[in-house]
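Just so you know, the protein sequences line up as chains A and B, in that order. Taking the numbering used here, the leading residue of the first sequence gets 1, the next gets one more, and so forth. Taking the numbering used here, the leading residue of the second sequence gets 1, the next gets one more, and so forth.
No wet-lab data here; the hints were simulated from the structure. Watch out, some of these pointers could steer you wrong.
What the hints assert, rightly or not - DEER-style ranges, computed between Cβ atoms:
#1 B/193 with A/159: 46 to 56 Å
#2 A/156 with B/51: 54 to 64 Å
#3 A/175 with B/51: 23 to 33 Å
#4 A/123 with B/109: 49 to 59 Å
#5 B/86 with A/121: 34 to 44 Å
#6 A/261 with B/83: 50 to 60 Å
#7 A/121 with B/253: 17 to 27 Å
#8 B/50 with A/152: 33 to 43 Å
#9 A/261 with B/249: 32 to 42 Å
#10 B/257 with A/159: 44 to 54 Å
#11 B/276 with A/123: 44 to 54 Å
Stated by the list, open to error - Okay, the calculated bits of chain A under chain B, using three or more residues with CB under 8 Å as the criterion:
#12 73–84
#13 133–140
#14 154–168
To be verified - Quick partial rundown of chain A residues pointing at chain B, CB under 7 Å, derived from the structure:
#15 67
#16 118
#17 191
#18 193
#19 206
#20 258
Backbone N, C-alpha and C define an ideal beta-carbon position, used for all residues, glycine too.
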Amino acid sequence: MPESRETSLPLIRSVPALALLVLTSTGLPGCGDREPDDTRVVDLLPEQIGAWTREESPASYDRETIFGYIDGAGEVYRSYAFARVNVAVYTNPAAPDMTVELFDMGNPADAYGVFSYAREREQSGIGGGYEQRGRVLCFWQDRYYVCVASEERDADSDRATQDVARAISERLPPVSEPPDLVSMLPSDGLVPFSQRFFHLHQSLNYHYYLARENILGLTEETDAVLARYAPGSTYLLLVRYANGTEAAAAASSFRQGYLPEAGESQTVETENGAFLSYGHRDRFVIVVLDAVSEDAANDLFQATLNRLTGSSD
Amino acid sequence: MAEKTTGLSRRNFMKGVGGALLGMAAGLPKPAFGRVAQAGNSRVVLIRNEEVVLGLNDYDADLIQQMLDEALVALFGLETPSDCWSQMLRPDDVVGIKTNVWRYLPTPPELEQAIRRGVLGAGVSEEKVAISDRGVQRSEVFQTSTALINTRPMRTHAWSGVGSLIKNYIMFDYPPDYHDDACASLAKLWELPVTKGKTRLNVLVMLNPQFHNIGPHHFDPSYTWPYGGLIVSTDPVAADAIGLRIIQQKRRLVFGEDRPLQPTAHHIALADSEYGLGNAAMDRIELVRLGWQDESLI
Chain A
1 MPESRETSLP
11 LIRSVPALAL
21 LVLTSTGLPG
31 CGDREPDDTR
41 VVDLLPEQIG
51 AWTREESPAS
61 YDRETIFGYI
71 DGAGEVYRSY
81 AFARVNVAVY
91 TNPAAPDMTV
101 ELFDMGNPAD
111 AYGVFSYARE
121 REQSGIGGGY
131 EQRGRVLCFW
141 QDRYYVCVAS
151 EERDADSDRA
161 TQDVARAISE
171 RLPPVSEPPD
181 LVSMLPSDGL
191 VPFSQRFFHL
201 HQSLNYHYYL
211 ARENILGLTE
221 ETDAVLARYA
231 PGSTYLLLVR
241 YANGTEAAAA
251 ASSFRQGYLP
261 EAGESQTVET
271 ENGAFLSYGH
281 RDRFVIVVLD
291 AVSEDAANDL
301 FQATLNRLTG
311 SSD
Chain B
1 MAEKTTGLSR
11 RNFMKGVGGA
21 LLGMAAGLPK
31 PAFGRVAQAG
41 NSRVVLIRNE
51 EVVLGLNDYD
61 ADLIQQMLDE
71 ALVALFGLET
81 PSDCWSQMLR
91 PDDVVGIKTN
101 VWRYLPTPPE
111 LEQAIRRGVL
121 GAGVSEEKVA
131 ISDRGVQRSE
141 VFQTSTALIN
151 TRPMRTHAWS
161 GVGSLIKNYI
171 MFDYPPDYHD
181 DACASLAKLW
191 ELPVTKGKTR
201 LNVLVMLNPQ
211 FHNIGPHHFD
221 PSYTWPYGGL
231 IVSTDPVAAD
241 AIGLRIIQQK
251 RRLVFGEDRP
261 LQPTAHHIAL
271 ADSEYGLGNA
281 AMDRIELVRL
291 GWQDESLI
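With the rest of the complex left out, here is chain A (with noise of 0.2 Å):
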């Protein structure tokens, strides 16, 4: 972005609580620990939820051991500030069994940074927002991720499912909004649910393929948002870094990584017939892709921007 277009932003408070948690949770317990003296955990999954019984102690994996739970896809939460899934299954005699998984991502940010990942729709009425697809129903509230899934699907297990995560709804913290970053976006254009919050280069990777080196220096101290924007199938990445002089490097990582032939043009023409435009503004960075014209894309970089230059701490 040239040097004249830009302007101070007032300073928005960064969170590096991934970073945190990877430190400080490194000495939880260990793979399916069993927590029966953990009160807290039991006061949110209890014994009994109207007809369902709880079968056991939840069930409980740390960033360590998530992976003896979910496999490789556990990556996807410790992408996030992710501290511990608590899992417990519940019965009751007339209907399939329930499996509850009570992810606690940390912070309400990255709560619903996990619950934006692989979002299709959203429904409101449980927690910050659910989707309910299948025979599974997750929803974000505070800092915890909940999914409920039904064992089977039948003509009242979507009904079920539904009650007993209100009734875990009812027992977590109040609902918090989501990610200041979020807020940001320009709305003319935007796909609904196509919103997705993270913090790192490999998050990015999996909803936009960029690059396969972290060109924009995305790290757990870096807050991102992607989103969908018609006309076409744009997208719209915008990256706050910790500081002013960290989203300039990144915004001159990205030139010299992405478009070495540049110069100094903020806009191009990319090799598909689509349009890229970029820029950096204080302590963010954004970045227009896929765009129909190169007036689309100046059109939501400058709305982007217009955007950024309103917020406010």
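Position chain B against the provided structure of chain A, taking the given hints into account.
For chain B alone, coordinates are given in the frame of chain A:
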């Protein structure tokens, strides 16, 4: 921050530089040219049966045996299945059958036993045959093995794109060591002393493949379909490449658009282009189709 070069990037794929196969795996535009690491072609047998799938994780054992037998004969070009097993194995071999126990979609026990019967039929003694997944590092048979048979179902996976034959060897080492870049380096597993050069057969289970996930790790039967297939090859990369194309085509049909896997299953293409483990490009794969042909998706 130090400036970096990309190595492989989305734009490289578009240009066809250094990652043509990778770009294809990523669902990106076809590049101008590409590079293929392998010199020879790989034969892959896709055999299907409309009646083998009775339900989710419920299969006709006799038909599985019949499908495996027919596939082996076609793969090796020999007279009988027992000829094929005898070509693959010697009576003094120690044989590990690497299976997959993921609880929602495991390798069918019926297939495990069909393979085991073939191994025993080659003259290998019972105590020198083991079937395992997560216990391979504790299994004396696997640790002293002279031959491996590799089998698992293909399914979408939230960190590697798909669970593949290549990925099935991850339990031979510490899995997190292979998680970087969507498990891009999984082919290195095939260079471990415990695995290198030992694999005699790969059977990719496509009986009820999973083509989509719910969230990062949840399973729902509605994202499987009764494809009724087995993909059999001595080349794990080629077998995975065929399975991946079928999964991607199924996604196109169901979603009505080209929706790439998330993340992309580029570890399959890289197993070819960077590690030389096998052939991922269709022009290096000799695909033999047997049995039920309707909606084969490839």
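Hints violated by the structure (listed by number, smallest first): Hint check: 2, 3, 4, 5, 8, 10, 14, 17 and 18 fail, others pass.
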